[in-house]
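These protein sequences, in sequence, are chains B and X. Note that my numbering has the first sequence beginning at 513, numbered continuously upward. Note that my numbering has the second sequence beginning at 60, numbered continuously upward.
The hints are simulated quantities; they were obtained by calculation from the structure and are not laboratory data. Each statement offered as a hint is correct.
With a cut-off of at most 25 Å between alpha-carbon atoms, the simulated SDA-like pairs for lysine to any residue come out as follows:
id	chain 1	residue 1	chain 2	residue 2
1	X	Lys112	B	Trp611
2	X	Lys74	X	Leu143
3	X	Lys112	X	Leu197
4	B	Lys641	X	Ala270
Reference listing, derived: stretches of chain X covered by chain B, where coverage requires no fewer than 3 residues with Cβ under 8 Å from a Cβ of chain B:
id	segment
5	211–219
6	223–237
7	255–267
Backbone N, C-alpha and C fix where the C-beta goes; we use that ideal spot for every residue, glycine too.
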Amino acid sequence: MWKLIILLTAAIILAAIFFVPPVRGLGELAKIIFFHVPTAWVSVVGFFTSAFFAAKFLRAGEMKFDELSARAARLGFIFVLLATASGAVFSKLTWGAYWNWDPRQTTIFVLILIYGAYLTLRAAVSDEKARAKVSAVYSLLSVLTVPFLVFILPRMYFSLHPTPVINSAGRLEMDAEILAVLLAAVLDATLIFWRLMKEKN
Amino acid sequence: MKLSSFLQAAAIFRKDFLVGLRRRAAFAAMAMFALTTIASLSLALGGAFVEPKLLAALLWVVIFFAASAGISGTFEDEAAAGTLSTLKLYAARQAILFGKMFFTLASLGALTIFLLPVFLILFDAEIARLGIFSATVLLGLVGISAAGTLTAALTVSASAKGGLFPILLFPVTLPIFLPAISLTEAAFTGAEFSAEFLAAMIFYDAILVTAASILFDFLD
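Looking at chain X on its own, in the form it has when it is part of the complex (with noise of 0.2 Å):
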């Protein structure tokens, strides 16, 4: 029986996030990595009063890291285990891809929902614009998924891969950063910000999604 894609795309959505669970090694990288930067960068700081235009910055090279800790293996776990071979032969690669990115943005999205109340408390920050923060949020999670999946796939046959997959995302998703960084400067303050730097992102979030699609199906 062949399942159409839209159902294999959550069936590998649900496979990864069911050995995801049995081996939470990635997860609990991801938010221990998120953990460790933000406290270092708490204690170097030593409660000093952080300028939201600064705070909003650390808030975004934090997810970018912790990002890149916990996501650069979505596609190397696969092949070590030896499952890359099986899952392409069942499965449609756009399919895969999906259900790889879907997966990607949800391990994102649960990273940030664990590390923003401590990024909050420890540096005493406060959102007056709840709305538009979780717009950024979730506009700049879906981008760097979209990125980063494809990324991972590239690094599948590379060496020195953990220094490898930031290098390679970082360029990549920069157009995400600087628009998300001005407008969570906007969501800490409470100021007036652009609706074209939202609509930027959409617009490179919808580029990177398209670009992640088409450029996949030539990788092997």
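Excised from the complex, chain B in its bound form (with noise of 0.2 Å):
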């Protein structure tokens, strides 16, 4: 599994470098969304990844759901960090300022303290029954903010930051190559994410 990764890992570093034309009006500067945008989807997988184990520990009790739930959470945690970094260089080339509190922002902002709550939570609840209660009960609370997030906060401030590769519009904005390499890198980092949520302890 490992050997397919590092294979198509560089076979999208090799592309991205040589095959994909500069954008209009962005240039080179466009290509850091094939990390940008495969790291942003892995914390929102991660996210609900961690939720669904969370509802699956509650209902069967078993420990190791809880144990699947906090790994996800751990490697979304990570994720959502590069994922923002990523995006504030982005920001910082493009529009000029790192941060700005456009809409998105926002909610990947709001996804840092969910996961930093939450692994907080685990940190200070010593008991291992108790811990993995209390964190799948926070882990589901947290996932109600998302319809909020998506639906609501997006009307609420302007945004500058591009649609979604799949959006309202249903049209797509994109050159074919840029589209194959981004989601052949999508795909990528979802498998990274899974071989990484497979490993043994």
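Hints in hand, dock the two standalone chains.
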């Protein structure tokens, strides 16, 4: 599995450097999306994976689900930091400031806060059973903020962020080559996440 | 004799109210915390004009942290006194949750009634639309009470509670604060407000109360 991931990653890096043409208006800068979009995607996947295993733990009471939920959150936390940092760099280069509370920056910041709160809660409870229960409950509680962050927040604040690949207009505003490499990069990041989830302790 | 859940919740509310009156510590801490925060902000600004938007944000920051200081011990005090397990033995789980939630809401309501005049006087502010202002504050407090009561139950067995409680509560209540701040700003300036924000707050409050009720059953 690792071999495949390494090959795919190397292919994506090469494609991003040599194969993808510079984007009009943004030039080589836009290539940061091959890192930014996949990491952002995995940070969201990790969040829902953590909540999914939290729900499984509460239903079945098996400690392995708690372990998986915690692992998804730890991985998600790393990915959300990478996505935020790469986004901030791109923001500085194109909008002129690292941070301006764009709706998407707000959303990802809340995600950092939730991950951080969840991991702090885990660190603060020493009893294993109690820790599993309270962190599962918190994980599910924090999922409730998602509809708000996704549907309501963008209506409240004006956004400069490019629309997602799959947007409400149902239109693809991206060259086929860029899209292909981007999808490969998203797949690659997802595979890395999946492989790390299966890692033995 | 088994009381109905509603009566049980009412009894827990009454018990907490009496204990709160007798041991004023939690409420005094909350009120003094609010007073200290408002005073430090007002002193630092030295009577300078504060934009309504900033004023609205400051008000909610004060409410959030004062509430955190006051309600984090909702279950912990009971656990420390050794009465939590007895309470769980006698009352239905949902009755405990809702009794505590209503008591939290009542304490936060009292806190707000105390801090608002101080806030308005020290910042020389006026409320142009009292109706929308009251509705916003009430909806905000309902959400903080629902999320806060569940969060307080989560932190009973945790160490480093003082810092942990606001960390856990903030992301979950953020969907309340953003519309609340916009509505409060409109209430200060008298400008048109968006009914969408009010609807969003009502909707999110309902979600929080339901979720607290469902998730509380999984804790022991």
